[in-house]
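**Q** Since chain A is already given, all that's left is putting chain B on it; use the hints.
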Amino acid sequence: MGIRFVLMVNKQGQTRLAQYYEYLTLEERRALEGEIVRKCLARNEQQCSFVEHRTYKIVYRRYASLFFLVGVDNEEVSRAHTFTIMCPNELAILEFIHLLVETMDRHFGNVCELDIMFHLEKAHFMLEEMVMNGCIVETSKANILAPIQLMDKAS
Amino acid sequence: MGSQGGFGQSKEFLDLVKSIGEARSKSEEDRIVLHEIEMLKRRINEPDIPKRKMKEYIIRLVYIEMLGHDASFGYIHAVKMTHDDSLLLKRTGYLAVTLFLNEDHDLIILIVNTIQKDLKSDNYLVVCAALNAVCKLINEETIPAVIQQVVELLGHPKEGVRKKAVMALHSFYQRSPSSVNHLVSSFQKKLCDNDPGVMGATLFPLYDLITIDVNLYKDLVVSFVNILKQVAERRLPKSYDYHQTPAPFIQIKLLKILALLGSGDKRSSEHMYTVIGDIMRKSDTTSNIGNAILYECICCISSIQSSPKLLETAADAIAKFLKSDSHNLKYMGIDALGRLIRLSPEIAEQHQLAVIDCLEDPDDTLKRKTFELLYKMTKSSNVEVIVDRMIDYMISINDSHYKTETASRCVELAEQFAPSNHWFIQTMNKVFQHAGDLVNPKVAHNLMRLIAEGFGEDDDTADSQLRSSAVESYLQIVDQPKLPSAFLQVICWVLGEYGTADGKYSASYISGKLCDAAEAHSDDDIVKAYAVTALMKVYSFEKAAGRKFNLLPECQSLLEELSASHSSDLQQRAYEFQAILDLDANAIENIMPLDASCEDIEIDKSLSFLDSYVHKSLEEGAEPYIPEHERSGTLSISNMGNQNQYDTSSHSLRFEAYEVPKPVIPIGIPAPISYPTELVPLPEPSYQRDVQPIASLGPVSDAGSTGLKLRLDGVQKKWGKPTYSSAASSSTSNSDSHRTTVSGATQPDTVVSKSRESSSYDSSSRRQPHVEVSEEKQKLAASLFGGTSSRSEKKQSGGTAAGGGGHSKVSRVSNHTEEKVRPTTTVVQPPPPDLLDLAEPTGTMSSSSSVIDPFKQLEGLLDMSEDGITATPSNGPDLMSLYSENGQNLNQNTILNEKDDPSSENTTKRTASLTKGPSLKDALNKDALVRQMGVNPTSQNPNLFSDLLG
Chain A
1 MGIRFVLMVN KQGQTRLAQY YEYLTLEERR ALEGEIVRKC LARNEQQCSF VEHRTYKIVY
61 RRYASLFFLV GVDNEEVSRA HTFTIMCPNE LAILEFIHLL VETMDRHFGN VCELDIMFHL
121 EKAHFMLEEM VMNGCIVETS KANILAPIQL MDKAS
Chain B
1 MGSQGGFGQS KEFLDLVKSI GEARSKSEED RIVLHEIEML KRRINEPDIP KRKMKEYIIR
61 LVYIEMLGHD ASFGYIHAVK MTHDDSLLLK RTGYLAVTLF LNEDHDLIIL IVNTIQKDLK
121 SDNYLVVCAA LNAVCKLINE ETIPAVIQQV VELLGHPKEG VRKKAVMALH SFYQRSPSSV
181 NHLVSSFQKK LCDNDPGVMG ATLFPLYDLI TIDVNLYKDL VVSFVNILKQ VAERRLPKSY
241 DYHQTPAPFI QIKLLKILAL LGSGDKRSSE HMYTVIGDIM RKSDTTSNIG NAILYECICC
301 ISSIQSSPKL LETAADAIAK FLKSDSHNLK YMGIDALGRL IRLSPEIAEQ HQLAVIDCLE
361 DPDDTLKRKT FELLYKMTKS SNVEVIVDRM IDYMISINDS HYKTETASRC VELAEQFAPS
421 NHWFIQTMNK VFQHAGDLVN PKVAHNLMRL IAEGFGEDDD TADSQLRSSA VESYLQIVDQ
481 PKLPSAFLQV ICWVLGEYGT ADGKYSASYI SGKLCDAAEA HSDDDIVKAY AVTALMKVYS
541 FEKAAGRKFN LLPECQSLLE ELSASHSSDL QQRAYEFQAI LDLDANAIEN IMPLDASCED
601 IEIDKSLSFL DSYVHKSLEE GAEPYIPEHE RSGTLSISNM GNQNQYDTSS HSLRFEAYEV
661 PKPVIPIGIP APISYPTELV PLPEPSYQRD VQPIASLGPV SDAGSTGLKL RLDGVQKKWG
721 KPTYSSAASS STSNSDSHRT TVSGATQPDT VVSKSRESSS YDSSSRRQPH VEVSEEKQKL
781 AASLFGGTSS RSEKKQSGGT AAGGGGHSKV SRVSNHTEEK VRPTTTVVQP PPPDLLDLAE
841 PTGTMSSSSS VIDPFKQLEG LLDMSEDGIT ATPSNGPDLM SLYSENGQNL NQNTILNEKD
901 DPSSENTTKR TASLTKGPSL KDALNKDALV RQMGVNPTSQ NPNLFSDLLG
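Quick note, the sequences are listed as chains A and B, same order.
Going by my numbering, 101 is the number at position 101 of the first sequence; the sequence numbering is gapless.
Going by my numbering, 775 is the number at position 775 of the second sequence; the sequence numbering is gapless.
Note that these hints are calculated values from the structure, not bench results.
The beta carbon of each residue, even a glycine, is placed where N, CA and C say it ideally should be.
Watch out, some of these pointers could steer you wrong.
[Said to hold, decoys possible] Cβ-Cβ distance ranges computed for the label pairs, FRET-style: (1) 75(A) / 385(B): 39 to 45 Å; (2) 54(A) / 388(B): 40 to 46 Å; (3) 610(B) / 25(A): 54 to 60 Å; (4) 54(A) / 263(B): 25 to 31 Å; (5) 610(B) / 75(A): 53 to 59 Å; (6) 25(A) / 181(B): 29 to 35 Å; (7) 25(A) / 601(B): 47 to 53 Å; (8) 52(B) / 54(A): 41 to 47 Å; (9) 603(B) / 25(A): 44 to 50 Å; (10) 575(B) / 75(A): 21 to 27 Å; (11) 502(B) / 75(A): 45 to 51 Å; (12) 110(B) / 75(A): 37 to 43 Å.
[Claimed, not checked] With a straight-line Cα cutoff of 16 Å, these simulated EDC-like cross-link-like pairs (lysine to aspartate or glutamate) come out: (13) 323(B) / 361(B); (14) 39(A) / 363(B); (15) 189(B) / 152(B); (16) 482(B) / 523(B); (17) 39(A) / 364(B); (18) 53(B) / 22(B); (19) 367(B) / 52(A); (20) 11(A) / 35(A); (21) 376(B) / 35(A); (22) 53(B) / 121(A); (23) 11(A) / 22(B); (24) 403(B) / 52(A); (25) 430(B) / 479(B).
The shape of chain A in the complex, shown without the other chains (with noise of 0.2 Å):
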């Protein structure tokens, strides 16, 4: 599947944006997000921004006070095997967050963590274009913004 879960978190620990491509209840949400963001937020500049969390694997990046947190599959290792399916492209996935950011200062200029609170169905409805079935399936900034755009001038 790919993506798991796509998190934004400010550095107090609150959540600012999350989206999940699978079904968890609120009690595991809240005990994932807990413990994931313990771990990321406890790592400095220097280690790198993967993290391992049982099944899944977090790729995280910081911008100003936000962090993004993207899950992913985490992929089986065996002895048997050395080419496994579910191998997640780590880098890419680091450059998705980029991307993701990148619209949305396109969008909002100069975007901040308020305007993602005070937009927030906006940030999920890029999110929508971009991600589908925790797929990556937009990555044209034009192609992910055109519907937001026209809705705007509709409404």
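**A** Chain B only, in chain A's frame:
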């Protein structure tokens, strides 16, 4: 700014966002949200709420759930909003519904109708919104309700709709593969869609289909290669570029598909050589995205039947990753190394230095990845060093999940590659000591079996030496506090079985230790059961051998304690023990034969040995036995006992109705079948046995002996994997010759010195060059690497006489340096022949330069006012050029700045806005607007304002 429209939100909403934004702690945030829930519960049910207001309420519900509280009271309003005519409200409704509900929620049924209607809408944006919802909300049962409509949308004139229709079918495939079986050809057709977005989306279902059966799609290899070639040659619209790299995400997906198709297929693989080579040559190694593609190429190369040239290129790329200062690249390098190592094992040796660096790195992610690599490259020559390291790491971490994983890997490697029995037992001791409660219980049983069976060769001396060394090591360990239960069980069993076997330790010494163990773990019934049974064996062996012994006082008191135990299992064992002690030596020898754990036990399932007794009783007028299933319902007790889920030990009330009693299938023999392969019965099942009338029928000693012996019927005689036994048997035969000639004590010594040798080699190769490396890392690059590898090689040839392979390594390394100069010239190679003979996609792809600007299309379609549009196109190219002009610059800047100190953000923001973003004016407007609302940078959370892109 147009899109912000003065935010268009109510004061209330702004206040909510502001207070959440300024909340200092989770509890403060919770308080705000709880208050919000109370208010919304009242307000949302008021009549005649204006639509815009309702939309705001819905978003507030989203906030509530996002912050971890239940907003189910408002779900129905989100569902209602999907019915709305306004696109924005409808899409918000769909968004909220997909965030709130899972596909099996009761409310979904109310949405399916709306979705069906919306899929037919004339407004393509409505169709898109519905398709988004389809992907998340349509479950297996509701697929038939919409699938026909979705399939028709594959031919929709808008590319956005076609793309989402493909993804909707993909989601159907994930939920129920059979539902889209008939559509495979549609996917293949969509691969040739005019629009690159639709083509890109089609790769996902195709990828999934290919993973199931590669062979059905071999004819697509050429098409995929062609598409990849065109993408790499920048034939797609420029808007798909990301930091000057053409459609990198599509490239990566295509490479993943090729990796599948080329796996184990030389012919298919050959089609790919050129394009992969081209991509690797062209990729921009200074950017993350370029490296992401490079990494994917390496993965692909390691999966397909590669050419030596590609392998060499991959090795070079890995070398660059590993030498990078970026931890991210090192991580990718280690991962890639783990993939390539299967094809060319020698490449690991070139990088041993870098690998060891990563292993020592304080970054746990990198360290763990490196252990994964070591795990993959373990062989019998390096197993000792690697497992030792893994155990050290296992001890150092706290996370039980990864402790378990590391422990089971250690066990796996040890079972497969153990150089000697002694080492194996020592290793297992360490694993058990530190993670005994986390490893699979089977591992404990395997260990017991190994000790019991030896290596299956007819070499009794070796076997008994193995046992002696196990006993010796366990006697040292057993006193330690906090041993895991599983390990203690093994220890007790081995001490009971073999503690007195070699005559080195007296029965009273062993039994003293066992009593101590039982006492120290008085809250662990299983350990106590193992201990008392072990005691029983020790004393039985003594008595059978005709030796005099006195029951230790602590053993006596243990027996007394257990005779009154709440656990009927312990009680039974205690009574059996006492009963056995009263028997004569001959009987005991029959009941408890020495070292018979591996003997096959024949079970007389019909209990024929009781026939004469039964016969006699019947003659004397006893009632005949009525099998359980023929009895009336009054005697359903034993059935109840069989229902494990309502175990007798949990004395809780049952609230469910009792099941109709089921007949117990094999009647006569309940006791033996309840644990056919267990070494020793666990206390749980024995509860059942107590209830069952048959168990009490049989003589106590009989039940005891069948219960307490190793039961190996139906169990494989050999343990572990075949590779191990062959490797180990050769090594044992080696050490056996040692043992027979030299004294037994030297044998472990040689092992230790060997491992010390290799680890010292290890550390020397690590330390000496390390100083040099840190000084001249960047300058010397490849040549230094060659130098160190040749040095370590000298050691190697001295130590293990592997000199021949080494020299070729040096020459290869020097080759690399030559290679490095070459690419600059080879880039100018004549472009590979144009292979654009793919019928449909070619025509459309190559015409991509004439692809219409999506904005222009929208313009035409919706006929919007001039001035509304001008903002975007004029900004668009402007921004694009900004990004592309200092693309490199910007890229580096953001990486540098993204972690900037937030306190400096406010000052940098203003200067930054001069160079980036739509316009300075907009930014200032926004700033001012927010300030008006009372949110300003000096208030409690200045971070809210910091510009994310710095």
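**Q** Hint by hint, where does the structure go against what was stated? Just the numbers, ascending.
**A** 1, 2, 10, 18, 21
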